[in-house]
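Take the given structure of chain A and dock chain B to it, following the hints.
Spelled out from the first residue to the last, the chains are:
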Amino acid sequence: MTSYYKTEMEFFVDMQRCIGCKACEAACAECETNGQQSMIHVNYVERAVTIQTTVQVCMHCDDPVCANVCPADAISKDEFGVVHTANTARCIGCSNCVMACPFGVPFKEESYDMMMKCNMCYDRTSAGKKPMCATVCPSQALYYGTREEMRRMRPNSVPVNTFQFGKLEVKTKVNIMMPKGATMLKVD
Amino acid sequence: MRFQLNKKAFFIALCCCIVTVMLVFYGSRKLQNFDAALIAYLFGTVFALFGIIYRYCIWLQRPPTWMYFRRGWQLLFSKSFVEYAGLSVQKLVRNIAFQRFIYPRGKTRWWGHFMLATGCMLAFCVTIPLTLGWIHFTMNPTDTSLYEAHLFGFKVMEFKLGSWMAFFIFHILNWCSWLVIAGCLLFMRRRLTHAGLIASQTFEGDWLPLVLLMAISVTGLGLTYDYEFLKGKTYEFMAVTHAVTVILFLIWIPFGKFFHIIQRPAQIGAHLYRKEGEKRGMAICPHTHKAFATQMHVDDLKIVTKELGFDFTLEDGTSHLDLSPEGKRAALAKAHLKAREATGKFFG
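Read top to bottom, the protein sequences are chains A and B. Quick note: the first sequence, position 130, residue 130 per UniProt numbering, numbers continuous. Quick note: the second sequence, position 222, residue 222 per UniProt numbering, numbers continuous.
Chain A with its partners taken away, still in its complex shape (with noise of 0.2 Å):
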């Protein structure tokens, strides 16, 4: 029985590859740690000119700036490098999270006053399952498994998980899969 967090498991998406189904929303409201609520992105890119759909989970930055930015100390990341959700007794429902994330990731559920977001299925991962958003995706936009795994399927690909805001540059534990040889993906 594999009933611990494997370190050797990382998450990779490919936005390029969503084709906007929203079976990871489906199922990522299954997850028990959101109490039945989807706590995955899927919306359309640019509505007017393309149907391309993007898809975004919590990245877990290194450094991350929800968690700095947290007034009230509800935000915590353990020793895999994943970034919790509000702590639910400390959370104020600021909305800093909200409004500093540079991947757009918590959102705050007004009823609640409180700020909720992906933890990457931690009741399914730490107990060495894979999160719900990629057992369900059709098109391997998002992928759970081991880098050579990702290096087998996606040979022209590369996992970069530095990212440039502006003069900003971020680190996650989750990665992008890019075109090969690239190191970083610039955002402005």
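Just so you know, the hints here were simulated from the structure itself, not pulled from any lab data. Accuracy of the hints is not assured; some may be wrong.
As the list claims (entries may be wrong) - Straight-line Cα separation of at most 16 Å, EDC-like style, residue types lysine to aspartate or glutamate; simulated pairs:
id	chain 1	residue 1	chain 2	residue 2
1	A	K167	B	E315
2	B	K257	A	D73
3	B	K306	A	D63
4	B	K257	B	D206
5	A	K167	B	D311
6	A	K173	A	E46
7	B	K290	A	E46
8	B	K275	A	E110
These numbers were taken from a predicted model, which means no experiment stands behind them.
Same frame as chain A, now just chain B:
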């Protein structure tokens, strides 16, 4: 990590403790109303106060906390004082006294928290002034069937012994205990059965507070049980175990989950901040062209993030923070598409 004394926090906490000890001295009319049997509780309370103030001051020194703490008070004492004072009272009743924001998260969860919080807050209101010698009870000198309650040495109320009022007041901590026990049991059931909580909970963070509250309530009820049914034979054991659990609770407030009781009023500040921000104008996302937050919030966040070492300024002088969450996700997707396009292949 090496411990470093925060001098500012230490000084403020020390001053607060000195003022409290002075208030104990004068509030108990130079100790004549102070109950010496409660001396251990007094030490526990003063230590807890020191820890709470010390941690609170350190907490306030963090840039985001200080920004919103300052903003909250500035807004309260602005020209909209009457409106914001009213809103604060409304939120105080709704969010602090009744914790209504928990109700949508789950009805049983709210009942559990409401009973637990009401039991604790009511018990604080009784035990803290008792421990500090601020309230005490005496017989009416002319009529021994009457009992008097004094606050800071001034008589505030009188009730007849054997009356319903006397029964209610003498057993108030028992009512608190039952409320806390009921709340704890609901939470324990939740923590034993909810798969998500089982995965993310910790003993010291989530179970210890419940166990401690349960121990305080049960040993507190044990004191009544002892003098009602055991003729006081186990009084010392009951009194010592209760004192130990209460003092552990007190000295642990600054370090553990109970600190959220002290932090929670900040939620009121967040509501004032939002209200004022809406008045001043909303920020429009350049991508979605929709309002997504108050402009004041976006502007303040730019300052806070820079103070924390996160500079989101883009090459064109704008900021990544000007985008709404959806705008940020779209920006990332577009950047990804651009990188793929540059290689001539969208997949690989």
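Proposed proximity, D63 of chain A with K306 of chain B (alpha carbon, max 16 Å): Distance ~14 Å between K306 of chain B and D63 of chain A Cα, so the pair holds.
Does K257 of chain B pair with D206 of chain B here, judged by a C-alpha cut-off of 16 Å? The given pair, whose Cα atoms are some 7 Å apart, holds under the 16 Å limit.
Proposed proximity, D73 of chain A with K257 of chain B (alpha carbon, max 16 Å): With a Cα-Cα distance of about 12 Å, the restraint between K257 of chain B and D73 of chain A holds, given a limit of 16 Å.
Holds or violated: are the alpha carbons of K275 of chain B and E110 of chain A at most 16 Å from each other? OK: K275 of chain B and E110 of chain A at ~14 Å, within 16 Å.
Could you grab the alpha-carbon distance between K167 of chain A and D311 of chain B and see if it respects the 16 Å cut-off? Within the cut-off at roughly 6 Å; holds.
Hey, K167 of chain A versus E315 of chain B, does the alpha-carbon distance stay inside 16 Å? Distance ~8 Å between K167 of chain A and E315 of chain B Cα, so the pair holds.
Holds or violated: are the alpha carbons of K290 of chain B and E46 of chain A at most 16 Å from each other? Status holds; Cα separation ~14 Å.
Would the pair K173 of chain A and E46 of chain A pass a check requiring their Cα atoms to be no farther apart than 16 Å? violated (27 Å)
Violated hint for the displayed structure: number 6, the only one.
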